[in-house]
Amino acid sequence: MAWRSWVLRCYWVNTKASEAKRHYNGTLEPVVQDFKLAIESDHTLSQYANQMFVEVQNRYKAPYNETPVGNPELRNFSDFLVLLDHIIHEGPGWFDKRDSPTANDLIGFPITAALDWPLGTISGHEFFLSPVVNLHLGRILDFWAVYLDTPPSTSVLTGWLSPEGKDQIAAAGNLGKTNYTFEQLFHCPDTSAPYLGYKTWDEYFVRQFNPGIRPIAAPDNETQDAEYPVDPTLVIDNACESAPLQVRHNASLFDSFFLKEQPYSLTNMLNFHPLANTFVGGTVYQAYLSTLSYHRWHAPVSGRIVHIENVPGTYYSGNLFTGLAETSYTGQPPRRLGTEL
1 MAWRSWVLRC YWVNTKASEA KRHYNGTLEP VVQDFKLAIE SDHTLSQYAN QMFVEVQNRY
61 KAPYNETPVG NPELRNFSDF LVLLDHIIHE GPGWFDKRDS PTANDLIGFP ITAALDWPLG
121 TISGHEFFLS PVVNLHLGRI LDFWAVYLDT PPSTSVLTGW LSPEGKDQIA AAGNLGKTNY
181 TFEQLFHCPD TSAPYLGYKT WDEYFVRQFN PGIRPIAAPD NETQDAEYPV DPTLVIDNAC
241 ESAPLQVRHN ASLFDSFFLK EQPYSLTNML NFHPLANTFV GGTVYQAYLS TLSYHRWHAP
301 VSGRIVHIEN VPGTYYSGNL FTGLAETSYT GQPPRRLGTE L
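The opening position of the sequence shown corresponds to residue 1 in UniProt numbering, with each subsequent residue numbered one higher.
Please note that a few of the clues may not be correct.
[What the hints assert, rightly or not] Each computed SDA-like pair below joins lysine to any residue, with the alpha-carbon atoms no more than 25 angstroms apart:
1. Lys199 / His298
2. Lys166 / Ala193
3. Lys21 / Lys166
4. Lys36 / Phe128
5. Lys21 / Tyr316
[Claimed, not checked] Simulated DEER-style distance windows between Cβ atoms:
6. Leu129 / Asn310: 35 to 41 angstroms
7. Pro194 / Val54: 23 to 29 angstroms
8. Pro163 / Arg139: 50 to 56 angstroms
9. Glu40 / Gly212: 52 to 58 angstroms
10. Asn25 / Arg139: 20 to 26 angstroms
11. Asn58 / Thr278: 43 to 49 angstroms
12. Ser78 / Gly303: 46 to 52 angstroms
13. Asn58 / Ala217: 31 to 37 angstroms
In case anyone wonders, no lab produced these hints; they're calculated from the structure. Every value quoted in this text rests on a predicted model; they were computed, and no experiment measured them. Beta carbons: idealized from backbone N, C-alpha and C, even for Gly.
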């Protein structure tokens with residue numbers, strides 16, 4: 001998520017929630033309705049679902065209830081479901097509020113933006129760890145993924161591919177080292193066509209770099225000489241355009257917490273695989289990926305893949321130590337590491 005102030009997030013949630021309510025005709029998409037019924041039929045989950053919004057309002061009364069952009073439109077789980085249903089029928093839009101102090105901010109992951117406050121509460125933490133919740137969220141995201149691969153999803157690209165949008169995306173791609181335009185950086189199917197020829201949101205979002213934009217830093221067949229003295233065996237290539245967040249040494253096999261500035265638990269990260277023992281005492285590198293950045297992954301490395309495992313995660317589970325439930329209450333909006341993780 002590329003937002004730089006909680007004011008913008010509040011503004012976006014208010015704007016989008018109001019829009020969703022205006023368009024709501026009393027009927028939810030079947031996958032959202034199934035989610036609603038599953039929560040309502042489970043007493044514990046139903047309590048968590050509504051209590052997490054109450055905890056937000058109780059914990060941060062001033063910043064949440066008296067925001068500079070008006071009263072919050074998202075006050076309970078029912079409001080969230082209406083907003084969720086609205087979100088999955090459109091692509092993620094370019095949202096840039098130019099007036100100070102939120103200039104150059106945008107919202108790229110709308111569901112996460114809507115949940116940023118409640119997911120950090122005690123009830124939200126429990127709710128989003130539930131297998132039932134994650135089963136239904138997975139189905140909802142799958143539904144959205146299908147839509148994002150259809151031509152109607154391009155309607156939001158007018159913002160992303162506006163002069164301002166392309167300039168910001170190009171700046172992220174140039175990394176302060178080059179001066180390429182968006183079209184010079186990325187493959188555009190047809191620069192004379194609407195949306196530069198991208199037929200769907202997905203095609204735009206996973207656009208490829210043009211040849212030569214990201215050469216491998218130290219290929220195995222590179223001859224070492226005075227101009228390039230780097231030993232390729234000592235180079236670690238980043239698999240994507242993510243930026244460093246933190247590095248932690250001496251990782252433990254078991255820990256109470258993991259990720260987001262807490263000690264790392266190798267067993268959790270590697271899904272209790274026996275190979276986890278191999279990495280005890282090792283170093284963990286954590287990065288974040290911005291919505292403005294290139295979103296393909298590459299592995300320019302030598303070696304042999306010995307195991308691949310798809311580990312189902314929890315889509316919106318937060319960390320109690322960086323959310324509203326953190327013990328060091330300051331009265332300020334919660335410090336979040338963002339959702340670019």
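Quick rundown of the hints versus the structure:
no.: 1; hint: Lys199 / His298; verdict: holds (23 angstroms)
no.: 2; hint: Lys166 / Ala193; verdict: holds (16 angstroms)
no.: 3; hint: Lys21 / Lys166; verdict: violated (31 angstroms)
no.: 4; hint: Lys36 / Phe128; verdict: holds (14 angstroms)
no.: 5; hint: Lys21 / Tyr316; verdict: holds (23 angstroms)
no.: 6; hint: Leu129 / Asn310: 35 to 41 angstroms; verdict: violated (19 angstroms)
no.: 7; hint: Pro194 / Val54: 23 to 29 angstroms; verdict: violated (46 angstroms)
no.: 8; hint: Pro163 / Arg139: 50 to 56 angstroms; verdict: violated (38 angstroms)
no.: 9; hint: Glu40 / Gly212: 52 to 58 angstroms; verdict: holds (55 angstroms)
no.: 10; hint: Asn25 / Arg139: 20 to 26 angstroms; verdict: holds (22 angstroms)
no.: 11; hint: Asn58 / Thr278: 43 to 49 angstroms; verdict: holds (45 angstroms)
no.: 12; hint: Ser78 / Gly303: 46 to 52 angstroms; verdict: holds (51 angstroms)
no.: 13; hint: Asn58 / Ala217: 31 to 37 angstroms; verdict: violated (51 angstroms)
Of the numbered hints stated above, those contradicted by the structure are hints 3, 6, 7, 8 and 13, listed in ascending order.
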